[in-house]
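If you read the sequences in order, they're chains A and B.
Residue 173 in full-length UniProt numbering sits at position 173 of the first sequence; the count goes up by one each step and never skips.
Residue 5 in full-length UniProt numbering sits at position 5 of the second sequence; the count goes up by one each step and never skips.
Please note that the accuracy of each hint is not assured.
[To be verified] Think about it this way: if two alpha-carbon atoms lie no more than 20 Å apart in a straight line, the pair counts; the simulated EDC-like pairs of lysine to aspartate or glutamate are:
no.	chain 1	residue 1	chain 2	residue 2
1	B	LYS38	A	ASP254
2	B	LYS38	A	GLU39
3	A	LYS148	A	GLU185
4	A	LYS281	A	ASP262
5	B	LYS68	A	ASP93
Treat the hints as calculated values from the structure; they're not laboratory data.
Predicted model only: the values in this text are computed from it and were never measured.
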Amino acid sequence: MASQEESSQPSDTLTTLKTESETLKTKLEEERAKLHDVELHQVAEKIEALGQFVIKNRRTLKGHGNKVLCMDWCKDKRRIVSSSQDGKVIVWDAFTTNKEHAVTMPCTWVMACAYAPSGCAVACGGLDNKCSVYPLSLDKNENLAAKKKSVAMHTNYLSACCFTNSDMQILTSSGDGTCALWDVESGQMLQSFHGHAADVLCLDLAPSETGNTFVSGGCDKKACVWDMRTGQCIQSFETHESDINSVRYYPSGDAFASGSDDATCRLYDLRADREVAIYSKESIIFGASSVDFSFSGRLLFGGYNDYTINVWDVLKGTRMSILFGHENRVSTLRVSPDGTAFCSGSWDNTLRIWA
Amino acid sequence: MVSKMSSKMVGSNNLAHARRMVQQLRVEASIERIKVSKASADLMRYCGEHAKYDPLLMGIPASENPFKDKKPCIIL
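Bound-form chain A, shown alone:
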């Protein structure tokens, strides 16, 4: 039972901590500002402008009965897994547009799906609060659902998942405000990541050369970079004005891009520890749902809620092109592993391949 003296002490310490908190935040801003000697687009003025290039809708994958929410490429650069509000997860051959596998999940709104590095399994989840792994069978008659393995358990919807560098571990993010790393075989949680103040909507693993980190974005408008081994948040960025729907590492691993409901995409450099570019236009007023870089990192493709895909010059900060084709929001977008094409998924129930 707290005495009168004890109950006055905690609030003193609380005030001290709050003051220290504010002081540290100011110091953080000052340190970051000291190194802000120039803008990226200014440095980029001296490089040649990009010529016109032609990117067209080359394939349309039809088959989902409702909104496409997520997709991922197989390392073989031709297969794709996609998931939908209708509860279906489909594996496609993007060259031929044939469907190779289909699984019906026990829940609707399958918001996340990922291809295993080996190409032999897919992971997915959504409103069931879980991430499950389905091995892909060569036997078309085999019921994939029978071999399903439940791996991750969150206390709210699964928003994103991705395998780490092997089929053995999966990283997940959830509406419960956390991310977690799981062992696929045992279903055990290996590490959890706490720090977001609201739903975590997206994540991306750093390119393998860069080491064991990943970035996440959430409804708290924050993007956080995490150390996978310790669970520690090592850097955080809070410049967006609304939910961050998508985060993606720059191919070198030194930066990442984000797409947000505030209708902007932004580039954050990890070594400068700050935002270094904003990709926006007054005419773009709808949220960006998904972003990805071209192979060299020079182009940023953004899928938006106004049904379009905008192509940005990452260095100069200008928009190169707008791609039309989808008949509803673009919800997911990923460039193929060798950069030859990118795939977009939409609330118009289709996926489109652009090259």
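Could you slot chain B onto chain A? The hints should help.
Just chain B now, kept in the frame of chain A:
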């Protein structure tokens, strides 16, 4: 972690949260940073070095891009 909170526990929960915040800020404030000019130069160099291998940037001929070939006709 604590589901039932008396008023004194609310006090110490806020305290724990505040301590975590300060701890987190200390970690973030202490990392080493480089200038934006250097970071930008590195990003530009990376783009430059990899540009010629970027099919969407360079545009590759239809014969080399499996997605640019004619859609196969399937006779059922």
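Evaluation of the provided hints:
1. The straight-line distance between the Cα atoms of LYS38 of chain B and ASP254 of chain A is roughly 12 Å, inside the 20 Å bound, and the hint therefore holds.
2. Among the hinted pairs, LYS38 of chain B with GLU39 of chain A is consistent with the structure: their alpha-carbon atoms are about 11 Å apart, no more than 20 Å.
3. Note on LYS148 of chain A and GLU185 of chain A: the hinted pairing holds, with a Cα-Cα distance of about 12 Å set against a maximum of 20 Å.
4. In summary, the hint linking LYS281 of chain A to ASP262 of chain A is supported, as the alpha carbons are separated by about 11 Å, within the 20 Å threshold.
5. As the CA atoms of LYS68 of chain B and ASP93 of chain A are separated by approximately 15 Å, the hinted pair is consistent with the 20 Å bound.
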